[in-house]
Amino acid sequence: MLRVIDTETCGLQGGIVEVASVDVINGQIANPMSDLISPDRPISRQAMDVHKITEAMVRGKPTIEQAIGRYHGSPYYVAHNASFDRRMLPEMNGEWICTMTLARRLWPGLKYGNEALRQALRLDVSPPPELHAHRALYDCYVTAALLVRIMTFSGWDAAEMLRRMQVKGSTNSFPFGKYRGQKVDDVAKKDPGYLQWMLKKIPDLKPDLRSAIERALSESD
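Residue numbers for the sequence shown, in the UniProt record's numbering: 1 to 221.
Incorrect hints may have been included.
Capping the alpha-carbon separation at 30 Å, the derived lysine-lysine pairs in DSSO-like fashion look like this [to be verified]:
| # | residue 1 | residue 2 |
| --- | --- | --- |
| 1 | K206 | K178 |
| 2 | K200 | K190 |
| 3 | K200 | K178 |
| 4 | K201 | K190 |
| 5 | K206 | K111 |
| 6 | K190 | K206 |
| 7 | K201 | K178 |
| 8 | K200 | K189 |
| 9 | K52 | K111 |
| 10 | K201 | K189 |
| 11 | K178 | K111 |
| 12 | K189 | K111 |
| 13 | K190 | K111 |
| 14 | K178 | K189 |
These are computed hints drawn from the structure, not numbers from a lab. Keep in mind that this is a model prediction, so the values were computed, not measured.
The task is simple: from the sequences and hints, build the whole structure.
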């Protein structure tokens, strides 16, 4: 079982207002769960414009610490841009898989937002009709469909997906080029276009360096 999980927040700095998950079991989406959450800070206007969750909707709801217990229990957690959701949530005992990182590896040259990949890959998925993109459960359904497509397209199981995401320490810095000796993560923050150019124009990049670049780009989005 893999548990796809998503959060909506008060802004990029945190403050969860919604958490949701679905399980992927033998290629099927099952066991949807979602909770509105009383956050630890005000909801920013920019965030509210995206997910449409208002202060009134979360007033009196449980805190994330009170609600998170029922989301525990999976050996694997999957999220689109997993580094963000992992940072937002309390500690979850399990391995984390990022569908954005894996999609970058399998389908170079696309736009990697959840909805963009849904359209580009023509994912067959039916989120709850009363919800919309950027509500946590809706996004879980789309991410789960993407996960199923990744697994069927690549033949990778959970262990192999984790291996494909791992980055060897020897490639934390560039061995060549104008950023030689600089850390991949630092270059991703200041010049992501250069890394995207490398992925597109240098097909024979060593696999571990390519993985490091893809991971750094996904975490800087």
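Which earlier hints turn out false for this structure, listed by number in ascending order? none
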